[in-house]
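J.: Sequences listed follow chains L and P, in order. Sequential numbering of the first sequence, starting at 1, is according to our numbering. Sequential numbering of the second sequence, starting at 1001, is according to our numbering.
You may find that some hints are simply not true.
[Claimed, not checked] Result set (EDC-like, lysine to aspartate or glutamate): computed pairs, CA atoms no more than 20 angstroms apart in a straight line: (1) Lys164(L) to Asp1219(P); (2) Lys65(L) to Asp336(L); (3) Lys161(L) to Glu187(L); (4) Lys1119(P) to Asp285(L); (5) Lys92(L) to Glu116(L); (6) Lys29(L) to Asp79(L); (7) Lys130(L) to Glu325(L); (8) Lys1119(P) to Glu259(L); (9) Lys52(L) to Glu70(L); (10) Lys243(L) to Glu1002(P); (11) Lys363(L) to Asp94(L); (12) Lys374(L) to Asp1219(P); (13) Lys303(L) to Glu57(L); (14) Lys256(L) to Glu1002(P); (15) Lys1119(P) to Asp279(L); (16) Lys255(L) to Asp1120(P); (17) Lys243(L) to Glu1131(P); (18) Lys61(L) to Asp357(L); (19) Lys202(L) to Asp1219(P); (20) Lys256(L) to Asp1036(P); (21) Lys136(L) to Asp357(L); (22) Lys1119(P) to Asp79(L); (23) Lys202(L) to Glu1131(P); (24) Lys303(L) to Asp1120(P); (25) Lys289(L) to Glu259(L); (26) Lys243(L) to Asp1036(P); (27) Lys363(L) to Asp285(L); (28) Lys202(L) to Asp1267(P); (29) Lys1119(P) to Glu70(L).
[Claimed, not checked] Stretch by stretch, here's where chain L covers chain P in the computed footprint (C-beta under 8 angstroms, at least three residues): (30) 1003 to 1012; (31) 1029 to 1035; (32) 1129 to 1142; (33) 1148 to 1158.
Because the hints were derived from the structure by calculation, they are not lab data. Yeah, the Cβ is synthetic: ideal placement off N, Cα and C, and Gly gets one too.
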Amino acid sequence: MKRFLPTTMLTFLLLLSASLAFASPATIKIGALFSVTGPPSFLGEPERNSAKMVVDEINAKGGVKGKKLELIVYDTQGDATKAVQAANRLIKEDKVVAIIGPSTTGESMAVIPVVEKEGIPLISCAAGSKITDPVKKWVFKTAQNDGLAVAKIYEYLNKKKLAKVAILTVSDGFGSSGREQLKAHAEKFGIQVVVDETYGPKDTDMTSQLTKIRGSQAQAIICWGTNPGPAVVAKNVKQLGIKLPLFMSHGVSSKKFIELAGDASDGIMLPSGKVIVSDVLPAGDKQKKSLLAFVKDYQNHYKAEGDHFGGHAWDAVMLLKGAVERGADTPAAIRDQLEKTTNFAGIGGIFSYSAADHAGLGKDAFVLVEIRNKDWTLVK
Amino acid sequence: MELADQIAQYLVSGLSTGAIYALIGIGFAIIYNSTDIINFAQGELVMLGGMFTLFSLNVLHLPLPLAILFAVAAATAVGVLFERLTIRPLKSPTPLALIIITIGGSILIRGITMMIGGKDTHAIPAFSGSEPILIGTATILPQHLWIFALTALAITANKLFFEYTITGKAMRACAVNRRAAGLVGIDVKRMVLFSFAISSALGSLAGIIVAPLTMTSYDVGIMLGLKGFCAAIIGGLSGGIGTVLGGLLLGVLESLGAGLISSGYKDAIAFIILLLILFIRPQGLFTKAQTERV
């Protein structure tokens, strides 16, 4: 008998450790769809990085209510078909309780029918206002609507009593959505669009369009695009000696734009999320704490500047965390709790969802910034 | 008056863009004339010109003139390597196979550049400042003057080379009749290699001198390459003045079209011209049918 004791003990120990390893404390699985590669990788990459960073941080602090978060990321490559396949895989195979992403409006619209059918909450990181307008039961979003950015520019124009604008938009999804919003909101602000021009995403010279604008009645130019087009526009405006105020969209609110446009960036104004000006925000700003923490963490983890694209994913994870903290653990409960989110000060703005509003942000989500000496300054 | 001012600006902008198309187009023509293939990787060599300049400025910290020389040399080396590895080993080079190889090659070069250099767009400093220069009522940048000067220089040097040097004459001989050229003792394969070297050098030079205006990234070669191809087709794939005129014409039409009709049709204009020329005057606008090339 004595001989068997060590063996029995050993077996017991082995079994114990094995069972411990398998019965790990319950995790909460979150799916993520980001276009980490492909044309919209400038969105997807910082989004994935930020989501991973914040999930790791939450887990390092012991998770949410004792449960660890598990993030499962699929790369959609900016392709709506791949996004739908990946969404199905997340729901059916990985059994996630919620999905964050996709990165672009097109992909989000493609994924919406899937999550609506399966009843899984989706927090999109794309900007298109049609994602949550009309409201869909299971769909939320964190990126600011384009319309809010347009309103910010028009308000400023009203203040300066400038009523005639020329718009120059890129002929892709982002540009055409901006063009729609610019034209739709104009009347409400008493603004008249006198020139409506476009350019191709790969165009290298916009002097023709700008010459036309120079010869028109326009009192301000609004250019809507993502890099590198707007940098070419900025350079061309300087070349042609156009003195009209030049506005850009929030699509270029990163240091990359200043680097590309160089000296020509001086004096350009644009609506932007608060990330890029987090250090110069007034101390009373409710978002300041989140913003500074995000920027610092991102810098530490990835040796790069955190931008508002990453912020959309950060917000999405934190909103989910909030819902789980309030006791939700099934998809349906998480959805209900998400809808009850009020005054969450994130990166994109201060979120308050309701049954009638799944976008959750007001126009205070944007600030108007001006580029001076290759840095951002707040326009008061 | 106002409209006249606008048109002056359209013309000036169009000519400066057109000069670039011309320089790229010449590269297409040189290779076509010695090998009978359209090298669709030409656009990627334009891109490499810009990217190598960026690399030598930011990583090797060379001064700008050296960086440009380095970039032209490096891109030429890539062009030569490309010919050695893909064109020459072919046992029975049918034009179709060769063209498909160049398309594959262009995708490969683009992919490798993306893997190494990333997907970001980068700015390159202008050669001599960016204070606009007034010409009448139109404005151009000092960089545009560089473009005109270097394009003129490159095309003149090219012309002299083909007219007055033995190698140049040998290459023209290959263009006229490869077999006969071989029979009189011209090393045809070497001439093909030369043609790749020259067109790579010209292409990368074009990429370098536009980069301060247009910025550079791994995928700028596609559109610039296609526009250069249009220029060469308009010029009837001649290695000389025809392609230059083709490029300038294309640039001006694009600019006028964007300004006077609608900017939405800018690229469509280039490709409609391309199709019309191919349908109606496949020998080009400025050449009679059946004429000596180069």
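J.: Please write out, lowest number first, the hints stated earlier that are contradicted by the structure.
T.: 1, 4, 6, 7, 11, 12, 14, 15, 18, 20, 23, 25, 26, 29, 31 and 33
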